[in-house]
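Asker: For reference, the chains in residue letters:
2 protein chains.
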Amino acid sequence: MTRVVRVGDVLIGGGNPVVVQSMTNTRTSDVPATVEQVRRLIRAGCEIVRVAVPDMEAAQAIREIKREVSVPIVADIHYDHRLALLALDAGADKLRLNPGNIRDPQKIREVAQAAAERGVPIRVGVNAGSVDKRFLKNGEVTPEGLVEAALWEIQLLEGVGFHDIVISLKAHEVPLTVEANRLIAKEVDYPLHLGITEPGPGMPGTVRSAVGIGILLSEGIGDTIRVSLPGDPVREVEVAWEILKALELRERGPVFVTCPTCGRAGIDVAGIAEEVRRALSDIKKPLSIAIMGCPVNGLGEAKRADYAILGGQGYGTIYAHGEVVIPKVPEKRLAEELVTLVLREVNGI
Amino acid sequence: MTRVVRVGDVLIGGGNPVVVQSMTNTRTSDVPATVEQVRRLIRAGCEIVRVAVPDMEAAQAIREIKREVSVPIVADIHYDHRLALLALDAGADKLRLNPGNIRDPQKIREVAQAAAERGVPIRVGVNAGSVDKRFLKNGEVTPEGLVEAALWEIQLLEGVGFHDIVISLKAHEVPLTVEANRLIAKEVDYPLHLGITEPGPGMPGTVRSAVGIGILLSEGIGDTIRVSLPGDPVREVEVAWEILKALELRERGPVFVTCPTCGRAGIDVAGIAEEVRRALSDIKKPLSIAIMGCPVNGLGEAKRADYAILGGQGYGTIYAHGEVVIPKVPEKRLAEELVTLVLREVNGI
Numbered sequence: 024m025t026r027v028v029r030v031g032d033v034l035i036g037g038g039n040p041v042v043v044q045s046m047t048n049t050r051t052s053d054v055p056a057t058v059e060q061v062r063r064l065i066r067a068g069c070e071i072v073r074v075a076v077p078d079m080e081a082a083q084a085i086r087e088i089k090r091e092v093s094v095p096i097v098a099d100i101h102y103d104h105r106l107a108l109l110a111l112d113a114g115a116d117k118l119r120l121n122p123g124n125i126r127d128p129q130k131i132r133e134v135a136q137a138a139a140e141r142g143v144p145i146r147v148g149v150n151a152g153s154v155d156k157r158f159l160k161n162g163e164v165t166p167e168g169l170v171e172a173a174l175w176e177i178q179l180l181e182g183v184g185f186h187d188i189v190i191s192l193k194a195h196e197v198p199l200t201v202e203a204n205r206l207i208a209k210e211v212d213y214p215l216h217l218g219i220t221e222p223g224p225g226m227p228g229t230v231r232s233a234v235g236i237g238i239l240l241s242e243g244i245g246d247t248i249r250v251s252l253p254g255d256p257v258r259e260v261e262v263a264w265e266i267l268k269a270l271e272l273r274e275r276g277p278v279f280v281t282c283p284t285c286g287r288a289g290i291d292v293a294g295i296a297e298e299v300r301r302a303l304s305d306i307k308k309p310l311s312i313a314i315m316g317c318p319v320n321g322l323g324e325a326k327r328a329d330y331a332i333l334g335g336q337g338y339g340t341i342y343a344h345g346e347v348v349i350p351k352v353p354e355k356r357l358a359e360e361l362v363t364l365v366l367r368e369v370n371g372i
Numbered sequence: 024m025t026r027v028v029r030v031g032d033v034l035i036g037g038g039n040p041v042v043v044q045s046m047t048n049t050r051t052s053d054v055p056a057t058v059e060q061v062r063r064l065i066r067a068g069c070e071i072v073r074v075a076v077p078d079m080e081a082a083q084a085i086r087e088i089k090r091e092v093s094v095p096i097v098a099d100i101h102y103d104h105r106l107a108l109l110a111l112d113a114g115a116d117k118l119r120l121n122p123g124n125i126r127d128p129q130k131i132r133e134v135a136q137a138a139a140e141r142g143v144p145i146r147v148g149v150n151a152g153s154v155d156k157r158f159l160k161n162g163e164v165t166p167e168g169l170v171e172a173a174l175w176e177i178q179l180l181e182g183v184g185f186h187d188i189v190i191s192l193k194a195h196e197v198p199l200t201v202e203a204n205r206l207i208a209k210e211v212d213y214p215l216h217l218g219i220t221e222p223g224p225g226m227p228g229t230v231r232s233a234v235g236i237g238i239l240l241s242e243g244i245g246d247t248i249r250v251s252l253p254g255d256p257v258r259e260v261e262v263a264w265e266i267l268k269a270l271e272l273r274e275r276g277p278v279f280v281t282c283p284t285c286g287r288a289g290i291d292v293a294g295i296a297e298e299v300r301r302a303l304s305d306i307k308k309p310l311s312i313a314i315m316g317c318p319v320n321g322l323g324e325a326k327r328a329d330y331a332i333l334g335g336q337g338y339g340t341i342y343a344h345g346e347v348v349i350p351k352v353p354e355k356r357l358a359e360e361l362v363t364l365v366l367r368e369v370n371g372i
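From first to last, the protein sequence lines stand for chains A and B.
Each residue of the first sequence is one higher than the one before, starting from 24 at the first, in my numbering.
Each residue of the second sequence is one higher than the one before, starting from 24 at the first, in my numbering.
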């Protein structure tokens, strides 16, 4: 069991639900663009948002961003500890420091004292791509080296009485990330922030993140997660939620049960599922929806799901709560009929 | 360590590399369409292909399909054991039987004897959606119930001296699937075929599959995998390979290291990565390609990767094998220059 760290009004660790994070990719000093992206992230289920702080303008923008949105804001700091001090002044709810590039113990202690005065936690975020040379083993990044880099920075923070710490150890490599987190989980009781860093674009990045984060969470390791994907960060939040839903750690909106379709399928399962998924994307209530192409597994899954379509040849039967509600609907109207039924029940009409 | 089962010329189990499978969704009796899809699956890296056998025409089509393609073909049988006998006659390299719907012990034994004569293995494929009522606990599918359903069918096969068996226990639910496979792995030494069944469309299905299959493989459980997704089955093979690559169990083609981009990024990482990924999709040689938006982690990752782009503001530096090879390339030409470099080296020109 990890200790609890408070970020704004969000609790991380200590058995609290695993928190979903993401990071904006707007220029932070472009306040309207950043605020708009933060709002989109919140709608998708993001609970903590990080912003890059590469310069003074970005640090100062945090004050204005926080006036517009209610989610806790984390300032991502590299190289220059003065940006951390400015971000704290601007009201950042958490700092992320990278021990690979703020190496002066005095500067780190100065930031810790300023954070402590404001009750703001610090994430010690070690990345394989920027780990300090002191922690390489024969020039290689190792799980032990990532752990040592984190422990070195933690000791500096603890040395000034600062314990409001979250830790992340990230690498592109899944086995390296998994092993490093297993090791640090045995060493400290600070909450762990999980992620696979730079995991690749689109599908490959999604798969690597799901495998790495999934393995650690299944072992009870990890208190907050951030999926890193290039492009629109809303995608990161969607993938993060699917990982948590897959492990039955948290619930949010529909879970779909769709057969992969084979030579038996009598309806376009993929097309119908996508249409239903889009139409119900704003629903937060947890429910299961099965869309199955034939009776082999379809009969069983239709009865187990909250709502279902069981395909015949060119038509389908609609189920709700294990019972047939509309026996024979033409394929073209299946998605629409199911969506209408679900929305009516969910909205209590 | 599981025992080894031979499917055509492919070995499953016993420490052999984890085998990638998929299933066609054409009408199997439409031989030209099925052959074309099988060929696309092979090009994507599929090593065993399953086809649905819902009728006699499908069973007989296996003979013609096998004349056209070299990959082992598995006949997927439900309800009617005579289709299994026909598929064996037609040259199927493996049978998949579902204990949920061929319940007559005498029929199962008859199929086993016919398979044994031809040296053809049988997969006992238990699915939560079609598990026989005898194996439900208070009407619910449980890990123990899935295991019992498999053991019941295995005992029938073993009773006639048949041991050429692969087992799969699949559910839509990841924890149920994971737990069932952990249990059966302790009970038997037959190779295990892993998958999350009916995991949902697109991204959700990809995430659920990666989490479930990833957890089991990371524990050393699983000898062959099939990702189940609606739509084009080539996608299943691509996701399966990414799972194996993420766990460093197998290698195939490029692994991408891409930063998620934040307010620091000076180039369009997602766009460049996608362009490079497409241009190199036919490469089978394992290599790592980093595409990074700024120097924070970019400098380290560029040096660690086989090939890299390290972004500046509107331009980038191209690295190969840890060294700068082209110092300053305008953003628009980055993808093209990198692709040219990689293709030249890979093709030895």
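Source of the hints: derived by calculation from the structure; they are not laboratory data.
Do not take every clue at face value.
Which copy is meant is left open, because identical chains are indistinguishable; a pair holds if it fits in one copy or across any two.
[Claimed, not checked] Simulated crosslink set (DSBU-like; lysine-lysine; CA at most 35 angstroms straight-line):
1) K308 x K156
2) K160 x K355
3) K308 x K130
4) K326 x K130
5) K130 x K355
6) K160 x K326
7) K351 x K209
8) K130 x K307
9) K89 x K326
10) K307 x K156
11) K209 x K355
12) K160 x K89
13) K351 x K160
14) K89 x K351
15) K209 x K326
As the structure is a computational prediction, the values presented were derived from the model and not from experiment.
Asker: If a hint holds in the structure, say so; if it does not, say that too.
Answerer: Results of checking the hints against the structure:
1. K308 x K156: Close across copies (30 angstroms), not inside one copy (48 angstroms); limit 35 angstroms.
2. K160 x K355: Neither way: K160 and K355 sit 61 angstroms apart in one copy and 38 angstroms across, limit 35 angstroms.
3. K308 x K130: neither (47 angstroms within a copy, 46 angstroms between copies)
4. K326 x K130: Classified as between: cross-chain Cα gap 28 angstroms, same-chain 61 angstroms, threshold 35 angstroms.
5. K130 x K355: neither (65 angstroms within a copy, 40 angstroms between copies)
6. K160 x K326: between (56 angstroms within a copy, 16 angstroms between copies)
7. K351 x K209: neither (57 angstroms within a copy, 45 angstroms between copies)
8. K130 x K307: For K130 and K307, neither the intra-copy (44 angstroms) nor the inter-copy (48 angstroms) Cα distance is at most 35 angstroms.
9. K89 x K326: Cα proximity of K89 and K326: none, with 47 angstroms in one copy and 38 angstroms across.
10. K307 x K156: Only across copies: K307 and K156 sit 33 angstroms apart there, 46 angstroms inside one copy, limit 35 angstroms.
11. K209 x K355: neither (55 angstroms within a copy, 47 angstroms between copies)
12. K160 x K89: The answer is neither: 42 angstroms in one copy and 52 angstroms across copies each exceed 35 angstroms.
13. K351 x K160: The answer is between: 32 angstroms across copies meets 35 angstroms, while 66 angstroms in one copy does not.
14. K89 x K351: Neither: 53 angstroms inside a chain and 38 angstroms across chains, both beyond 35 angstroms.
15. K209 x K326: between (44 angstroms within a copy, 31 angstroms between copies)
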